[in-house]
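Enquirer: What follows is the residue order along each chain.
There are 2 protein chains.
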Amino acid sequence: MSFSKIQSSDITFFQSLSDVRVLTDEENLKRCASDETEDLTYLPEIVLQPETVPAVSQIMRYCNEHNIPVTPRGAGTGLSGGALAIMGGVVLDMKRFNKIVNMDMRNLQVTVEPGMITQELQDFVKEKGLFYPPDPASKGSCFIGGNVSENSGGPRAVKYGVVKDYVLNLEMVLADGSVIWTGANVLKNATGYNLTQLVVGSEGTLGVITKIVLRLIPAVQHDMLMLVPFRKAEEACAAVNAIFMAGYTPSAMEFMERDALEWSMKYVQSSGVSLPDDIAAHLLIEVDGNHYDQLYKEMEAIGDIVQQYDIDEILFADSAEQKQMLWTLRRKVGEAVKSNSIYKEEDTVVPRAELPELLRIIKQLGKEYGFESVCYGHAGDGNLHVNIVKGNMSDSDWNEKLPQGIKALFKEVIRMGGTISGEHGIGLVQKEYMNIAFNDIQLGLMKQIKNIFDPKGILNPGKIFLS
Amino acid sequence: MSFSKIQSSDITFFQSLSDVRVLTDEENLKRCASDETEDLTYLPEIVLQPETVPAVSQIMRYCNEHNIPVTPRGAGTGLSGGALAIMGGVVLDMKRFNKIVNMDMRNLQVTVEPGMITQELQDFVKEKGLFYPPDPASKGSCFIGGNVSENSGGPRAVKYGVVKDYVLNLEMVLADGSVIWTGANVLKNATGYNLTQLVVGSEGTLGVITKIVLRLIPAVQHDMLMLVPFRKAEEACAAVNAIFMAGYTPSAMEFMERDALEWSMKYVQSSGVSLPDDIAAHLLIEVDGNHYDQLYKEMEAIGDIVQQYDIDEILFADSAEQKQMLWTLRRKVGEAVKSNSIYKEEDTVVPRAELPELLRIIKQLGKEYGFESVCYGHAGDGNLHVNIVKGNMSDSDWNEKLPQGIKALFKEVIRMGGTISGEHGIGLVQKEYMNIAFNDIQLGLMKQIKNIFDPKGILNPGKIFLS
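Chain order of the listed sequences is L and H. Everything in the first sequence is counted per full-length UniProt numbering, starting at 1 for the first residue and increasing by one. Everything in the second sequence is counted per full-length UniProt numbering, starting at 1 for the first residue and increasing by one.
Treat the hints with care, since some could be wrong.
Just so you know, same-sequence chains aren't split out, so a pair can sit in one copy or run between any two.
[Unchecked claim] Here are the simulated lysine-lysine pairs, BS3-like style, with alpha carbons at most 25 angstroms apart:
| no. | residue 1 | residue 2 |
| --- | --- | --- |
| 1 | LYS128 | LYS367 |
| 2 | LYS338 | LYS363 |
| 3 | LYS411 | LYS211 |
| 4 | LYS126 | LYS159 |
| 5 | LYS159 | LYS128 |
These are calculated hints, taken from the structure and not from any lab test.
Produce the entire structure from the sequences given, and follow the hints as far as they go.
Expert: Encoded structure:
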């Protein structure tokens, strides 16, 4: 496909639209040239900030007619390069779509625009006594629209599910500018194909989401948090499964290899956790519920289960501050790793019980292909983030040998019944591995679906699929 | 599209296949000519009962090449005519696909073939201490594959969600005979488009499902059941919302208009429930959980909430037999209504809080268009089954005036943010109303998706879409 470069006539057109800010200054172009993925930079030709659905519609219709690529952008916290305008053209910066459209207390539903910060949405519904559970590590800055586009998870997915489990209906602008709703605001729906779930996780390649209807649940009153230090990392993974098999469903079960926690402590300059030399990994375990006494018992029972492994003393967070500190350490691991070295992050996910085996394989492949990794993630979901740090690796090994190692890793993940992205999406940086997860038939169906929604391929081009 | 009639050469081919029973006898053709939808009859030309995936694949490839329509069939308990071979050709009777393929206790997942009876699947996993919640009224006879194809719900959807919330991955045979998996056996997935959720609820129009991977949850230990008689039906609907707003999530909240319960009692020859003259409707409310004392308190609290309405004495089921009796009465309403009169069942669903308004509108439209209705269903989900009984209605009113009334009803449902089928699907009998739920753009996207999966349109032709 061949796209047009932005002409001055295009800029004039965009400037003529109501409710659109047209930005061509270097600062804004640079701001939209990167996200949180490695160190990638792709300068867009222009940044548009629409504020209304008709504005988005007019932009899309025009760009579709003129073969101008459009890359929708949330807060730019993505980890697969999904928001980067790799073929130039327009970055559609959705930050002005930041309002609550309707808070439906009678039906426990909220309709929100995609540019609202996830944490703000969570706080807003919490004040109403309600709970929107999915909370990616970047929740303080990421947008809900990005979460929907990547089908984000976060720590609480283990008990409460991921974004797709909360999205009831979406308003979206198609490539040609037409505006549709994907479904209805109902809990049960057997009316035609599920366009809503097709769009969730489609990474801005099928349309521009302009409204999101989410179901909410009643707020949960209590939670308790414990940090369990393991002397063997694989035992930490094994403990995850033992806890489930005993009938408990914690609201979070986060795994951190020693380096992950150590780097994060340095990064946030915290000394709140002691880290004896013989500790290889931690599990951060949260339980929540409405009955304090029962939660306490549950916490004790989980404590008993992990005692069967080779662990050091469990830290029970005994104040809101201590909980906050532990969660901050966990949430900052990604940034800490990034600040420490050039890195690549792989977002593996396997059936939960395969975690110890996955960890063993990662370390073995590291030896084989010469890479060091720091692993952490949502152990309760089988979702392990593998941060491969460049460290002393030569550029040629990094560029040539490492991708072979990643391929080998992904093949193992698929063999275990898993897949190559749990919550970060494929975007730009993982598309070369899509043919490990899917064969030509599956990829063919997906590409044809893309073609239906966006026949000219102007929407977030160069993402998900290799060609 | 024009399809070929079955020739003797086709029969010879089918007979040459391993693992396929070829049936052309009248009894089998008649058995597969109807489902539980009204009194429809469409005789297939041939019934094939494959037992293996390669057999399904060979059948599909052949039929695709020879333009022979293929209608996949489960247990024939559907309520929208989805399993009827309205264009003749092959009925693909999946009853021999009735095995558990893999019970993965380590990951709380089961892989099952589509022809297993839902109740048998539930019993199988219950013996392992696990729970597969979705339970349509027909669970004793319906197949899990049919449930997946219709995205069925049932009473417990209010707390536990519908089929789509449990399907992780599907193996399916496409129209051309190729076999794919739609996803991976994981709880989180951000890898390409969600083909799994696209296929759930697609009513056999996109492929033939041959394996289903379901996530399971730990079994729940206790449940309690109460039947609340209301003197005003709209108050019963209002009470549903009051219970949620007070922070309770019952595991079932079933609404039955007086006639529904009365007819069901006659039908199952039960006298277990007293039915004073002034009672207009009932709510059947179940709570479940692992802590008996708390459940008891919850039950009492719900009892207090409903006392604010004009109700008669609450019946608390105090034995397993009484619970069974009440659930039987609820489950048999559909059959009871069917045995009582010619009828049409509409499967409306609205945001839960709109239920009282929906009921009011149904009765008002009944007066306007001259129809009587018996309403019941899953009030907790806003999913109300409207059984329109022919009674004394003239044939011409039934055939001409009634569809206008149904259209008016569906327009109101859409206006309330609801849709025209919550769990029965569109199939044959509701397709003429699809343009009330969706506009040409939405329908166009869906039809193009159908065309990708099944370019010659041989899979369950004439369903979901008018043309």
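Enquirer: So which hints don't hold here, by number, going up?
Expert: 1
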